[in-house]
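Put chain B on the given structure of chain A with help from the hints.
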Amino acid sequence: MKLDLITSLYVFMLAAFIGFEVIRRVSPLLHTPLMSLTNALDAIAVVGAIILAGEHKSQLAAILGTIAIVAATSNIVGGFLITDRMLRMFKSSGPKRP
Amino acid sequence: MPTETFIEITYLIATVLFILSLKWLSSPTTARHGVWAGEIGMALAIGGTLLYRGIIDYKLVAIGLVLGCIIGVPLGKVAMTAVPQRTALSHAFGALCVTLVGTSEFYLRAPNISPFLMAVLSMEVILGSLTFTGSLMAAGKLQEVLPQRPITYKGQNFVNLGMLALAIAIAAILAMHPEQVKLFPAMIIIPLIFGVMLVIPIGGADMPTVISLLNSYAGLSAAAMGFVLNSKLLIVAGALDGSSGFILSVIMSKAMNRSFTNVLFGGFGQIQAAATGVQEQRPVKSATAEEAAAILAAANKVVIVPGYGMAVAQAQHKVRELFDALSKRGVDVTFGIHPVAGRMPGHMNVLLAEADIPYDKLLDMDAVNGDMAQTDVALVIGANDVTNPAARTDASSPIFGMPILDVDKARTVMVIKRSMAAGFAGIDNPLYYLDQTLMLFGDAKTFVGNIVRELSGAGDHH
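If you're matching them up, the sequences are chains A and B in order. Following the numbering used here, the numbering of the first sequence begins with 1 at its first residue and continues without gaps. Following the numbering used here, the numbering of the second sequence begins with 1001 at its first residue and continues without gaps.
For reference, chain A alone in the conformation it holds in the complex (with noise of 0.2 Å):
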């Protein structure tokens, strides 16, 4: 257990700095669909909710965990969809440039 929290630590160090690098290099034109493609992203939290949902464990954990289905599939669901919508709008001018 003691083993397990310390590697996550190390995980979410260095995630942490690839996102800083990686992020930083998206073009401020980008920001608002920078921020709703990570809000769909981070509504991968719907598998600790399906996960608890499913095991059903308690009356109480398996509400909690329907509640909070709902709430990230809503995000997965609508974040996809508006990022993509914001991209497609992303017009360079003139059809080719040489």
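Derived by calculation from the structure, the hints in this document are not laboratory data. A hint or two may mislead.
Cut-off 30 Å, straight-line C-alpha distance, at most; resulting in silico cross-link-like pairs (DSSO-like, lysine-lysine) [to be verified]:
| no. | chain 1 | residue 1 | chain 2 | residue 2 |
| --- | --- | --- | --- | --- |
| 1 | A | K91 | B | K1077 |
| 2 | B | K1254 | A | K91 |
| 3 | B | K1328 | B | K1285 |
All values derive from a computational prediction rather than experimental measurement.
Structure of chain B alone, referenced to chain A:
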């Protein structure tokens, strides 16, 4: 292959796809691949999870997924002007999910929780619940169902910090004595109130910073949930979201000339209180649409500076027509976008992209300021404080030091404005009294429409 290993492999692939997803977002040409990568990763991870043998109740899972889709689809189809409140709402949903899972985990495991695990679980529910109410408040203010006016009172920071300290103290007690189960609800209720109090003093123009900050909290709470569930995938996704929100908060607070601690401890809205001074009556020069059209047509280089006022007036499509009309005459037209223009980071770019303005014409502050001295006309539409030269010159101004678009360095400045009323910060703008400034009084949409008509009909006058 055992199912557990298979599930872990889907998570591993999902993690890679999530990182690629954000990497591809760096440029508009590859950005849509990023969305696809994210979608595939998400589908894999959910599919893998459904194979988990511990799941005995698929009915509840199915109900949750279907209801989520029913709510999610309309949230993906809101108007672009409503994207800030939609984003705030989705932060609230994300935080709700994390808080509920954390709460269930606590009641399932207590009192057999190690101090470290209890600490991360506390972080998960504290951040989750304050983000939930804070984001709901932000969404309410943005949707204008709640008063947008900042509400401040004496000792506000003291009260807020006191509540936060109390929640952390409860977390510390629980870490030592996880059998004190009855303390747990307090650790949720206090941050729920704290979230409301945190956003109460915030006005519209500070929203970009607040949304970014709440985004960061939502990510961190999800990462904490990953620690509790020992899910590396969730830790990575939470860390990516958290760092993204953090970077955006830093960019936004720099653009507002606030220190990061100032943002963290709710220095919002204080400018407003400081700026109720007497406004002096000074003469301004105004011009008609016809005169403005003539000046624009004669220019070589025009920079348009849009602010949230443009979006409020729904003028972006008229602005596109103006862009087309001027481009057709060979005028070089670009847009200067201040980082805090709009109600969330990058909002103005999305609104202009929706109006079919090519993204390579949307320039950031530094790019535009470098060329401002060679600019014939700077046309300000619905922006005020971000063009105020007092930020550069007047040390007594409440916005002194805030980076601005140096429109006053252009040969001619035109400002479309309803009246001489002050901007969000309530500060008088010396720009309007400059010799080279022409005020174009009227509704942004109508006025820009009139200019376009003058430009296209110019041939008829001769």
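Evaluated hints:
1. A/K91 x B/K1077: holds, 20 Å
2. B/K1254 x A/K91: holds, 29 Å
3. B/K1328 x B/K1285: holds, 29 Å
Comparing the model with each numbered hint stated earlier shows that all of them hold.
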